[in-house]
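Asker: Add chain B to chain A, keeping to what the hints say.
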Amino acid sequence: MVIRGKVWIFGDDINTDLIIPARFLISSHPEELGKNLFADLIPGFSQKIERGDVIVAGKNFGCGSSREHAPLAIKGAGISSVIAISFARIFFRNAINIGLPIIECKEAKEIGAKEELEIDLKQGKIRNLTQHKIYDIQPFPEFLQELINQGGLLNWIKENKYV
Amino acid sequence: MGLTITEKILLRHSGDKEIYPGKFILAEVDFAFGNDITAPLAIKALEEIGIKKVFNPKRIALIPDHFTPAKDLSSARQAKILADFARKYKIKHYYEVGKMGIEHALLPELGLINPGDLVIGADSHTCTLGALGAFATGVGSTDLAGAMAIGKVWLKVPETIKFVYYGKLHKWLTAKDVILYTLGDIGVEGALYKAMEFTGETISKLDMDGRFTLCNMAIEAGGKTGIIEPDEITLNYIQRNQKSEIKNLKSDKDAEYAGIKEYDVRNWKEPAVACPDLPSNVKPVSELKEIKIHQVVIGSCTNGRISDLRASAKILKGKRIHPEVRMIVIPATQSIYLQAVREGLAEIFVKAGAVFSTPTCGPCLGGHMGILDKGEKCISTTNRNFRGRMGHPESEVYLASPLVASASAIKGRIAHPGEVSA
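Sequence order for the protein chains is A and B. Going by numbering that gives the first Met the number 0, the first residue of the first sequence is number 0, and it counts up by one from there. Going by numbering that gives the first Met the number 0, the first residue of the second sequence is number 0, and it counts up by one from there.
Among these hints, one or two may not hold up.
Using 20 Å as the maximum straight-line C-alpha spacing, the simulated EDC-like pairs for lysine to aspartate or glutamate come out as follows [to be verified]:
| # | chain 1 | residue 1 | chain 2 | residue 2 |
| --- | --- | --- | --- | --- |
| 1 | B | Lys252 | B | Asp276 |
| 2 | B | Lys43 | A | Asp119 |
| 3 | B | Lys51 | A | Asp135 |
| 4 | B | Lys7 | B | Asp230 |
| 5 | B | Lys155 | B | Asp184 |
| 6 | A | Lys160 | B | Glu27 |
| 7 | A | Lys5 | A | Glu49 |
| 8 | A | Lys160 | B | Glu47 |
| 9 | B | Lys161 | B | Glu200 |
| 10 | B | Lys288 | B | Glu269 |
| 11 | A | Lys157 | B | Asp276 |
| 12 | B | Lys155 | A | Asp39 |
| 13 | B | Lys313 | B | Glu346 |
| 14 | B | Lys410 | B | Glu286 |
| 15 | A | Lys113 | A | Glu31 |
| 16 | B | Lys170 | B | Glu188 |
| 17 | A | Lys105 | B | Glu188 |
| 18 | A | Lys157 | A | Asp135 |
| 19 | B | Lys260 | B | Glu200 |
| 20 | B | Lys43 | A | Glu31 |
| 21 | B | Lys155 | A | Asp119 |
| 22 | B | Lys373 | A | Asp39 |
| 23 | A | Lys157 | B | Glu46 |
| 24 | B | Lys22 | A | Asp11 |
| 25 | B | Lys52 | A | Glu158 |
| 26 | A | Lys47 | A | Glu31 |
| 27 | A | Lys160 | B | Asp184 |
| 28 | A | Lys157 | B | Glu27 |
| 29 | A | Lys108 | A | Asp11 |
| 30 | B | Lys282 | B | Glu158 |
| 31 | B | Lys22 | A | Glu115 |
| 32 | B | Lys43 | A | Glu30 |
| 33 | B | Lys268 | B | Glu255 |
| 34 | B | Lys252 | B | Glu17 |
| 35 | B | Lys260 | B | Glu346 |
| 36 | B | Lys155 | A | Glu141 |
| 37 | B | Lys376 | A | Asp39 |
| 38 | B | Lys22 | A | Glu141 |
| 39 | A | Lys108 | B | Glu418 |
Because the hints were derived from the structure by calculation, they are not lab data.
Chain A on its own, in the form it takes in the complex (with noise of 0.2 Å):
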């Protein structure tokens, strides 16, 4: 999957409540949600993106609760992806899960606002189109592939026959 997007900057210990407002989470549906992405943080942020946009952030995105709604907010919202120097673990595990494509690169704060992106997640490679430079992808334990592969979690489960 080849994914091209335009660069949102964000910082270190992006928490999820800056991603979604727990005042929020009275819906499950990702539209809904992701009209109220970054909602405290860059108002109106949803209107400002273009389907595709792709979020460059530093370290230990998505700190904080559990809410599964923070990586389907981002989904909701037509964001491609998001790069990240490190995530916070629940995020990470709730992105790969429901396939929302995250990725660990270590010179992500070499990457700046309005860059254009161009992410080939199987070549394991992020081309700076802008900047013209490559960056390498740390590439996904195998077991992580194969649940990406299948489309999440619960494709998964189906696919191995547990339910």
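Answerer: Using the frame of chain A, we list chain B on its own:
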């Protein structure tokens, strides 16, 4: 090579012959639970894959504790999804408002969590239950759905960091201060993906309520779980005769750790307060005495247990809350509520001018029962102080122990408990 307590529990639940950090396992789940925010998404997912039954209706709990008693129509609908699902699939441990408590306080109280168990909860503070010597970790809704369907969860075996505490805590310091100072030292990603094993003489003297508080905030360092080896205090709490098995549930002497942090708690001279916007932004209370507050919250899965209410009542007894401050006291469960009534604590709170509420997570996550307006400051016994956590993005939350929060309620500013009590 020896194993840590976390590795031992995971090995026992994996069906594998060996275990090591970084290994992916498909582990048997002893108990799985969710709440009115996370479970509706899990239930929706289960219906989509068309399950006919859950793996075990006695080993699942559905607890509507976050936005309940329902704060509005949408939250009523979410809570109803839990009630309907529980009825349809004969889920034994569904707790309606009136029986309900905050999940991480309620489940141990009901005796549903035992040392050595593998527990997953669709709530980040599931790590609280590690205080009983269980491996308990927070997951999302899809993980909960998977566990409800097949009784299993995928896990990457975490490395463990050992936290050793020596010495006796100074007067006015509690388990909350221990975890806040620890967070201040290691930061909000200091234990990312790792198990935090709490040990040492200070921990062995902590009562269960204190141990729950300590393990509760492991997630604030990014930890996969907090865990304490079960001992006599654990056994007395669970009141079961499982001594032989529990005695073996200890980390081996030659277990490998990703790191060992040692603290002499006597170096912490005064209570800790975590300032906005991170739980790791910790300062001694005396540096913050200029900060005026508008609201005080005593409660949550962190500090809503009976000893927390007793500590607060001891400070408040015979005193009045500052006229410009509102104070909200929220027992974590119905039985704690009843206990507080019986012990006369409820009367102390009301006479001091505080609200004494039914159990709910409520204000901790800015849900209801005490939302902050622009510019307002709250000192709270809860676990997070992220920007906008308790309401308006320009409101502020300071995290502290019940002693500090209660003293602050009287003074109208952040205060040391020694200022209002001997």
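Asker: Find the hints from earlier in the document that the structure breaks and name them by number, from lowest to highest.
Answerer: 1, 2, 3, 5, 11, 12, 15, 16, 18, 21, 24, 27, 30, 31, 33, 35 and 39
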